[in-house]
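> Hey, can you work out the whole structure from these sequences and the hints?
Protein sequences appear in the order of chains G and X. Its first residue numbered 1, the first sequence is counted upward by one per residue in full-length UniProt numbering. Its first residue numbered 1, the second sequence is counted upward by one per residue in full-length UniProt numbering.
No lab work stands behind these hints: they were computed from the structure. Note that beta-carbon positions come from the ideal geometry of N, C-alpha and C, so glycine has one too. Keep in mind that the hints are not guaranteed to be accurate.
Listed next, the in silico DSS-like pairs over lysine-lysine satisfying Cα-Cα at most 27 Å (straight line) [claimed, not checked]:
{"id": "1", "chain 1": "G", "residue 1": "K83", "chain 2": "X", "residue 2": "K101"}
{"id": "2", "chain 1": "X", "residue 1": "K49", "chain 2": "G", "residue 2": "K101"}
{"id": "3", "chain 1": "X", "residue 1": "K73", "chain 2": "G", "residue 2": "K83"}
{"id": "4", "chain 1": "X", "residue 1": "K49", "chain 2": "X", "residue 2": "K82"}
Footprint (simulated), chain G over chain X, 3 or more residues, beta carbon under 8 Å [claimed, not checked]:
{"id": "5", "stretch": "20 to 32"}
{"id": "6", "stretch": "115 to 121"}
{"id": "7", "stretch": "162 to 170"}
Here are the simulated distance ranges between beta carbons [to be verified]:
{"id": "8", "chain 1": "G", "residue 1": "N169", "chain 2": "X", "residue 2": "E189", "range": "36 to 44 Å"}
{"id": "9", "chain 1": "X", "residue 1": "R180", "chain 2": "G", "residue 2": "K73", "range": "33 to 41 Å"}
{"id": "10", "chain 1": "G", "residue 1": "E189", "chain 2": "X", "residue 2": "K83", "range": "47 to 55 Å"}
{"id": "11", "chain 1": "X", "residue 1": "K2", "chain 2": "G", "residue 2": "E160", "range": "48 to 56 Å"}
There are 2 protein chains.
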Amino acid sequence: MKRLKDRIREEGLILSDTVLKVDSFLNHQVDTELVLEIGKELVARFADKTITKVLTIEASGIQFAMAAGIALKVPFVYAKKKKAVTQSEQVYSASVHSFTKQETYQVTVSKNYLGPGDKVLIVDDFLATGAALVGLVQIVRDSGAELAGVSCVIEKGFQEGRGLLEQMNVSVESLATISRMAPGEIDFEESAKELVKETV
Amino acid sequence: MKRLKDRIREEGLILSDTVLKVDSFLNHQVDTELVLEIGKELVARFADKTITKVLTIEASGIQFAMAAGIALKVPFVYAKKKKAVTQSEQVYSASVHSFTKQETYQVTVSKNYLGPGDKVLIVDDFLATGAALVGLVQIVRDSGAELAGVSCVIEKGFQEGRGLLEQMNVSVESLATISRMAPGEIDFEESAKELVKETV
Chain G
1 MKRLKDRIRE
11 EGLILSDTVL
21 KVDSFLNHQV
31 DTELVLEIGK
41 ELVARFADKT
51 ITKVLTIEAS
61 GIQFAMAAGI
71 ALKVPFVYAK
81 KKKAVTQSEQ
91 VYSASVHSFT
101 KQETYQVTVS
111 KNYLGPGDKV
121 LIVDDFLATG
131 AALVGLVQIV
141 RDSGAELAGV
151 SCVIEKGFQE
161 GRGLLEQMNV
171 SVESLATISR
181 MAPGEIDFEE
191 SAKELVKETV
Chain X
1 MKRLKDRIRE
11 EGLILSDTVL
21 KVDSFLNHQV
31 DTELVLEIGK
41 ELVARFADKT
51 ITKVLTIEAS
61 GIQFAMAAGI
71 ALKVPFVYAK
81 KKKAVTQSEQ
91 VYSASVHSFT
101 KQETYQVTVS
111 KNYLGPGDKV
121 LIVDDFLATG
131 AALVGLVQIV
141 RDSGAELAGV
151 SCVIEKGFQE
161 GRGLLEQMNV
171 SVESLATISR
181 MAPGEIDFEE
191 SAKELVKETV
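And the structure:
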């Protein structure tokens with residue numbers, strides 16, 4: 001998505017080889033109009049699937065799930081993060097280890113809002129280590145819902161997230177895949193597929 | 001907002017005299033189409049102000065700020081919650097005591113995204129004790145921005161939030177004000193003003 005990559009180049013703050021902040025337009029201050037466009041693009045890549053529900057994780061996935069839900073005219077569900085959860089019959093849950101925060105938390109979704117009959121698109125802001133997304137995939141599979149795939153806004157292509165998801169036979173799409181970054185420098189993968197989409 | 005009140009009556013789970021759960025359509029699973037309508041209504045009540053930015057607090061305010069931002073075609077900012085914050089030159093912050101969680105946390109907004117020249121509408125899902133909203137009002141005032149007012153989806157009219165905000169000379173609007181609730185029963189305030197709006 002050219003417009004997104006341009007904006008990352010203009011406003012993204014690259015703090016290290018692995019840390020990119022997009023606080024001025026995606027993750028703290030949010031450009032609502034850009035996020036609506038991102039929502040259309042997140043779902044366009046799964047246009048052949050009849051998605052009934054979008055799933056994300058609080059907090060920073062919410063605006064993208066909302067935009068994807070608007071584009072598809074379907075509801076979205078956001079998984080909740082908890083430090084520790086007493087096992088409950090009423091929720092699906094998965095353990096997720098956060099490498100940035102060096103802690104393990106539980107991701108939970110109420111059994112009322114996901115189940116057989118649902119066809120789910122998982123969306124999130126970043127695909128990096130993939131830890132949170134692997135947890136969401138496990139939850140969708142536990143629920144008996146069908147998984148259409150995972151669609152992310154920004155992918156750190158040099159981290160292991162995509163590989164982990166593809167090993168689970170999950171279809172993965174990203175709107176901007178970073179192949180390499182360092183303070184002051186950022187390179188995006190420019191796949192043939194993307195170039196075609198963007199010139200259409 | 002009649003449609004919202006009807007939905008609360010149909011799907012809200014009243015767990016006690018003070019706890020209402022709206023997880024099936026607003027706060028865990030989200031009815032995107034209803035939330036877009038809520039966004040229009042949240043801002044319609046401040047139509048005479050030229051709002052430049054919407055402000056809310058993570059996580060459950062995000063979808064409503066997004067919807068209000070879409071309605072106004074302006075960006076939104078979501079304040080971040082932190083357990084403890086080292087004082088920083090770069091953020092506005094306020095201490096907020098959560099009565100439900102019995103803990104005090106810091107609410108922070110980057111100084112880059114709020115300042116003189118902004119006219120801010122604060123939105124949130126619930127107005128109850130008002131603790132978080134008072135914190136957001138303090139942050140807006142610290143920033144030198146102008147505050148248009150506070151617009152909430154659901155107000156617990158029997159709690160002190162509105163009173164605290166009005167003492168600070170803040171204009172407060174809510175789309176559904178609960179005057180009394182108990183398991184199985186819920187009453188809404190039906191102000192003349194609201195009735196006029198809903199029949200127009």
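> Confirm or reject each hint.
Hints versus structure:
1. K83/G to K101/X: Measuring from Cα to Cα gives roughly 13 Å; hence the hint holds.
2. K49/X to K101/G: violated, 41 Å
3. K73/X to K83/G: violated, 36 Å
4. K49/X to K82/X: With Cα atoms ~31 Å apart, K49/X and K82/X exceed 27 Å; violated.
5. 20 to 32: holds (count 8)
6. 115 to 121: violated (count 0)
7. 162 to 170: As far as the stretch 162 to 170 of chain X goes, the hint is violated, because 0 residues have Cβ atoms under 8 Å from chain G.
8. N169/G to E189/X: 36 to 44 Å: The hinted range 36 to 44 Å is violated for N169/G and E189/X, with Cβ atoms some 53 Å apart.
9. R180/X to K73/G: 33 to 41 Å: This hint holds: roughly 36 Å between Cβ atoms.
10. E189/G to K83/X: 47 to 55 Å: violated, 37 Å
11. K2/X to E160/G: 48 to 56 Å: holds, 50 Å
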